[in-house]
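If you want the building blocks of each chain, they are given just below.
2 protein chains.
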Amino acid sequence: MAVNRMLSKNTLKFIKSLHQKKFRKQEGAFFVEGTKIVTELLQSDFEITHLLFTSKFGDIHSSLIKRHKDIAYEVSVATLESLGEFKTNETVLAVAKTKPNNPILPSADEWIIALDDVRDPGNLGTIIRIADWYGIQKLVLSLESADYYNPKVLHASMGSFTRVSVYYTELLPFLQDLKRPVYGAFLDGKSIYQSSPDKAGVILMGNESNGISQGLNKAVTDRITIPRFGHAESLNVAVATAIICDNIKRQS
Amino acid sequence: MAVNRMLSKNTLKFIKSLHQKKFRKQEGAFFVEGTKIVTELLQSDFEITHLLFTSKFGDIHSSLIKRHKDIAYEVSVATLESLGEFKTNETVLAVAKTKPNNPILPSADEWIIALDDVRDPGNLGTIIRIADWYGIQKLVLSLESADYYNPKVLHASMGSFTRVSVYYTELLPFLQDLKRPVYGAFLDGKSIYQSSPDKAGVILMGNESNGISQGLNKAVTDRITIPRFGHAESLNVAVATAIICDNIKRQS
Numbered sequence: 001m002a003v004n005r006m007l008s009k010n011t012l013k014f015i016k017s018l019h020q021k022k023f024r025k026q027e028g029a030f031f032v033e034g035t036k037i038v039t040e041l042l043q044s045d046f047e048i049t050h051l052l053f054t055s056k057f058g059d060i061h062s063s064l065i066k067r068h069k070d071i072a073y074e075v076s077v078a079t080l081e082s083l084g085e086f087k088t089n090e091t092v093l094a095v096a097k098t099k100p101n102n103p104i105l106p107s108a109d110e111w112i113i114a115l116d117d118v119r120d121p122g123n124l125g126t127i128i129r130i131a132d133w134y135g136i137q138k139l140v141l142s143l144e145s146a147d148y149y150n151p152k153v154l155h156a157s158m159g160s161f162t163r164v165s166v167y168y169t170e171l172l173p174f175l176q177d178l179k180r181p182v183y184g185a186f187l188d189g190k191s192i193y194q195s196s197p198d199k200a201g202v203i204l205m206g207n208e209s210n211g212i213s214q215g216l217n218k219a220v221t222d223r224i225t226i227p228r229f230g231h232a233e234s235l236n237v238a239v240a241t242a243i244i245c246d247n248i249k250r251q252s
Numbered sequence: 001m002a003v004n005r006m007l008s009k010n011t012l013k014f015i016k017s018l019h020q021k022k023f024r025k026q027e028g029a030f031f032v033e034g035t036k037i038v039t040e041l042l043q044s045d046f047e048i049t050h051l052l053f054t055s056k057f058g059d060i061h062s063s064l065i066k067r068h069k070d071i072a073y074e075v076s077v078a079t080l081e082s083l084g085e086f087k088t089n090e091t092v093l094a095v096a097k098t099k100p101n102n103p104i105l106p107s108a109d110e111w112i113i114a115l116d117d118v119r120d121p122g123n124l125g126t127i128i129r130i131a132d133w134y135g136i137q138k139l140v141l142s143l144e145s146a147d148y149y150n151p152k153v154l155h156a157s158m159g160s161f162t163r164v165s166v167y168y169t170e171l172l173p174f175l176q177d178l179k180r181p182v183y184g185a186f187l188d189g190k191s192i193y194q195s196s197p198d199k200a201g202v203i204l205m206g207n208e209s210n211g212i213s214q215g216l217n218k219a220v221t222d223r224i225t226i227p228r229f230g231h232a233e234s235l236n237v238a239v240a241t242a243i244i245c246d247n248i249k250r251q252s
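Order-wise, the sequence lines are chains B and Z. When the letters of the first sequence are read in order and numbered with our numbering, they come out as residues 1 to 252. When the letters of the second sequence are read in order and numbered with our numbering, they come out as residues 1 to 252.
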């Protein structure tokens with residue numbers, strides 16, 4: 001490839017700093033790794049500032065690199081692996097700007113998902129992928145939830161993060177102002193098999209250990225439950241989100 | 001607590017070796033950590049050989065320790081954390097014997113799950129928890145699947161591994177001999193919303209990257225699919241397993 005520009009030490013330091021939430025906030029930037037997710041990022045409306053690729057990746061995707069030559073930098077596999085989260089990365093890493101935390105306004109016929117302190121990045125990423133599968137394009141997250149731009153979140157979302165909007169806010173005033181049905185997932189609610197769901201509303205999921213916080217109870221209009229046939233005490237929050245989305249979308 | 005026996009260096013070495021599949025096989029043993037999962041193990045029919053606990057855990061659970069005094073060893077937090085997988089563990093770790101790889105024979109009205117090379121321990125553990133939630137007690141795993149006794153599998157299962165039986169075997173002859181409906185999950189099968197499922201059978205899920213292997217196609221009687229409403233290319237295998245279990249169990 002013809003791209004021979006060098007990355008400055010400062011740029012390398014800047015990319016490494018993006019492992020930490022504090023610096024992602026401060027710099028308004030994040031990174032993703034691997035061919036699939038970088039390709040999806042390139043097709044999205046995110047503004048990409050750096051595209052770091054190996055000579056092997058450049059050989060295979062030469063027209064892609066040409067199209068982005070102003071931001072493309074050929075680097076060694078060792079450099080790529082020193083920058084990212086992946087143990088091995090022989091392909092590509094991209095840096096992009098985060099989006100502003102704009103309020104979400106669901107349309108009249110739209111389901112959205114609200115998460116009350118879902119803290120595990122893998123869970124949040126998986127939920128983003130589930131939302132995207134079920135055509136749910138908006139997520140509202142409590143302020144203590146995992147960071148959307150955490151590389152583990154973006155990786156678990158498998159590129160779906162480019163198609164879902166997110167808004168971090170205090171959930172109680174948000175849900176109260178919204179004036180929509182709020183389906184809260186509890187272990188002792190009404191069976192999701194028995195209710196015929198509304199045409200639009202909010203699916204509210206709670207924290208991995210503590211569920212939906214007490215203070216949010218008054219915003220919940222429908223306490224729902226996934227029927228259990230065996231003995232497990234609970235389901236993983238991402239798995240439960242998927243089953244609820246499936247039951248609501250199936251009937252809508 | 002009154003238990004003052006010392007653990008020999010050899011025993012400590014033995015427990016550490018159980019991080020590796022090779023030694024778990026060789027020794028016929030595995031370990032789990034943390035109060036919840038160890039408590040579930042103690043209530044199961046697994047044969048426990050060592051119970052390592054901190055003085056703090058011993059103070060809270062003194063009658064439990066008394067009941068198991070022949071296998072109980074008080075250790076420091078540092079020792080516990082040097083042995084296990086958890087970064088922090090101020091409570092307990094148990095060593096138990098693995099069960100023999102006995103063939104599974106489902107009863108006439110029973111659903112089982114078969115996994116074709118599901119390799120991620122977190123996915124396998126989550127699927128065990130899902131099986132337990134939906135009252136599915138038997139799992140058949142291809143020989144290349146993740147190891148059931150991997151600490152990451154057991155941890156993700158949240159104790160459900162004590163209530164589910166597992167059998168590792170070549171899937172093709174197993175499924176062909178079984179003579180039951182085999183529902184294989186594909187991206188282009190028949191909608192799970194449209195079929196009214198059989199009363200019993202096999203839910204077959206494929207590898208994280210490659211799906212169900214070509215060679216197993218002839219064992220599949222029903223190609224099924226989870227309807228998609230949005231744009232994600234696929235769902236995580238554990239999430240897909242849960243949605244299929246939910247649809248089958250809801251209608252049965």
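Incorrect hints may have been included.
Taking lysine to any residue pairs in the SDA-like style, the calculated list, with each CA pair at most 20 Å apart, reads [what the hints assert, rightly or not]:
#1 Z/K249 - B/K152
#2 Z/K138 - B/E233
#3 Z/K249 - B/Q194
#4 B/K36 - Z/L187
#5 B/K138 - Z/L187
#6 B/K138 - Z/K21
#7 B/K249 - Z/G189
#8 B/K249 - Z/K22
#9 Z/K138 - B/K249
#10 Z/K199 - B/Y193
#11 B/K152 - Z/G122
#12 B/K249 - Z/K190
#13 Z/K87 - B/P121
#14 Z/K249 - B/S234
#15 B/K87 - Z/S209
#16 B/K199 - Z/P227
#17 Z/K21 - Z/Y168
#18 Z/K22 - Z/K199
#19 Z/K249 - B/L187
#20 B/K87 - Z/K138
#21 B/K152 - Z/P121
#22 B/K138 - Z/F229
#23 B/K249 - Z/Y168
Calculated directly from the structure, the hints in this document are not laboratory data. Predicted model, so just to flag it, every value in this text is computed and none were measured.
Results for each hint:
1. Z/K249 - B/K152: 33 Å, violated
2. Z/K138 - B/E233: Given pair Z/K138, B/E233 holds - Cα atoms ~18 Å apart, limit 20 Å.
3. Z/K249 - B/Q194: Distance ~14 Å between Z/K249 and B/Q194 Cα, so the pair holds.
4. B/K36 - Z/L187: Judged against 20 Å, a Cα distance of about 18 Å means the pair holds.
5. B/K138 - Z/L187: 25 Å, violated
6. B/K138 - Z/K21: 42 Å, violated
7. B/K249 - Z/G189: Between B/K249 and Z/G189 the Cα gap is close to 19 Å, so the pair holds against 20 Å.
8. B/K249 - Z/K22: Violated - the C-alpha atoms of Z/K22 and B/K249 are around 45 Å apart, more than 20 Å.
9. Z/K138 - B/K249: 30 Å, violated
10. Z/K199 - B/Y193: 19 Å, holds
11. B/K152 - Z/G122: The given pair, whose Cα atoms are some 14 Å apart, holds under the 20 Å limit.
12. B/K249 - Z/K190: This hinted pair holds, its Cα atoms lying about 17 Å apart.
13. Z/K87 - B/P121: The given pair, whose Cα atoms are some 17 Å apart, holds under the 20 Å limit.
14. Z/K249 - B/S234: 17 Å, holds
15. B/K87 - Z/S209: The hint holds at about 18 Å.
16. B/K199 - Z/P227: 18 Å, holds
17. Z/K21 - Z/Y168: 14 Å, holds
18. Z/K22 - Z/K199: Violated - the C-alpha atoms of Z/K199 and Z/K22 are around 39 Å apart, more than 20 Å.
19. Z/K249 - B/L187: 18 Å, holds
20. B/K87 - Z/K138: 35 Å, violated
21. B/K152 - Z/P121: Answer holds: B/K152 to Z/P121 is near 17 Å, not above 20 Å.
22. B/K138 - Z/F229: Given pair B/K138, Z/F229 holds - Cα atoms ~14 Å apart, limit 20 Å.
23. B/K249 - Z/Y168: 36 Å, violated
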